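A.B. asks: Produce the entire structure from the sequences given, and follow the hints as far as they go.
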Amino acid sequence: MKFSYSPFSREHIVGAREGIIYKPTLPIIVHGPTGTFGLDALADTGSDQILFPRYVASLVGVSLGQQNSAHVSGVGEKRMPIFFVDGIELSLQSDGQAYRWPARVWFSDSDEMPALLGHIDFLQFFTSTFDGKTHELALEPNKEFPGKLTDLWKR
Amino acid sequence: MSVNQTVKEIPIVPLEFAGQWIAWNEDHSKIIASAKHLPEAHQKALKTGEKHFWMSKVPSSKDFFGGAAIHS
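Protein chains in written order, with UniProt numbering: chain Z, 1 to 155; chain X, 1 to 72.
Be aware that a few hints might be false.
To be verified - Distance condition first, Cα-Cα at most 30 Å in a straight line; then the derived DSSO-like pairs of lysine-lysine: (1) Z/K2 with Z/K148; (2) X/K62 with Z/K78; (3) X/K51 with X/K36; (4) Z/K2 with X/K30; (5) Z/K2 with X/K62; (6) X/K44 with X/K30; (7) Z/K2 with X/K51; (8) X/K51 with Z/K148; (9) Z/K2 with Z/K143; (10) Z/K133 with Z/K143; (11) X/K36 with X/K47; (12) Z/K78 with X/K36; (13) X/K62 with Z/K133; (14) X/K36 with X/K62; (15) X/K30 with Z/K133; (16) X/K47 with X/K30.
Since the hints were derived computationally from the structure, they do not count as laboratory data.
Note that the coordinates shown come from a computational prediction; the quantities given were computed from them, not determined experimentally.
C.D. replies: What follows is the structure in structure tokens.
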């Protein structure tokens, strides 16, 4: 399955022209104990893990506890608390059907960040081709993929 | 499912939404809600009556973005 990158308008930044920046985002559905949440998540080869904004946790029915907390850092020294939650499944749609799989997921302490799809339980399950010319991301489940095909939006 | 299936091209997100959360309709053809914060944008999207939609964080128009890693 292939996904078009998301194009965003951008102003001039030092070292980058104004115009459009393309990001490899994917429409992912988070399945929790009591609900689902659809969001565009960034396929991030620099990220260790799957990370979602805190708000999503409350809507899919999971609570975030200090006993399962860790920290995440990006570029620079700033660290942010994150919370591990078990029992989440994710699905990725294509043409009315979805690949659905159990995933270890972390939730941020903040809502001011994009959803990230990193290596643990996402990139490790797919052969991914980032085409910078066509702005498309091709994903093909590999032999480690633990999920199945299912109907979209089903809880 | 074929590996060659491609979702339709997503429209360009206008500059006015930079730094905000937006909600796309189900086929990513139209922005149906927006707000600075995710809860507010989500509530606005729910009020549109759309059954399925996608929340998306629009990057800042003036900053670069870096990735993330776990540290316990």
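A.B. asks: Measure nothing beyond the straight line between the CA atoms of X/K47 and X/K30; if it is 30 Å or shorter, mark the hint as holding.
C.D. replies: 15 Å, holds
A.B. asks: Given the hint that Z/K133 pairs with Z/K143, test it: the Cα-Cα distance must not exceed 30 Å.
C.D. replies: 28 Å, holds
A.B. asks: Are the Cα atoms of Z/K2 and Z/K148 separated by 30 Å or less?
C.D. replies: 18 Å, holds
A.B. asks: Quickly compare the C-alpha distance for X/K44 and X/K30 to 30 Å and report which way the hint goes.
C.D. replies: With a Cα-Cα distance of about 14 Å, the restraint between X/K44 and X/K30 holds, given a limit of 30 Å.
A.B. asks: Run the distance test for X/K51 versus X/K36: straight-line Cα separation, threshold 30 Å.
C.D. replies: 22 Å, holds
A.B. asks: With the threshold set at 30 Å, check whether the alpha-carbon distance from Z/K78 to X/K36 stays at or below it.
C.D. replies: Distance ~22 Å between Z/K78 and X/K36 Cα, so the pair holds.
A.B. asks: Can the restraint linking Z/K2 and X/K51 be considered satisfied, given a maximum Cα separation of 30 Å?
C.D. replies: With a Cα-Cα distance of about 24 Å, the restraint between Z/K2 and X/K51 holds, given a limit of 30 Å.
A.B. asks: Z/K2 and Z/K143: Cα distance at most 30 Å?
C.D. replies: Holds - the C-alpha atoms of Z/K143 and Z/K2 are around 19 Å apart, at most 30 Å.
A.B. asks: Taking only the CA atoms, is the gap from X/K62 to Z/K78 under or equal to 30 Å?
C.D. replies: Within the cut-off at roughly 20 Å; holds.
A.B. asks: Between Z/K2 and X/K62, does the CA-CA distance stay at or below 30 Å?
C.D. replies: OK: Z/K2 and X/K62 at ~29 Å, within 30 Å.
A.B. asks: Verify the proposed pairing of Z/K2 with X/K30, using a straight-line Cα cut of 30 Å.
C.D. replies: Given that 30 Å is the threshold and the Cα spacing comes to 20 Å, the pair holds.
A.B. asks: Check whether the Cα positions of X/K30 and Z/K133 lie no farther apart than 30 Å.
C.D. replies: Holds, at about 25 Å.
This entry satisfies every hint, going by the numbered hints stated previously.
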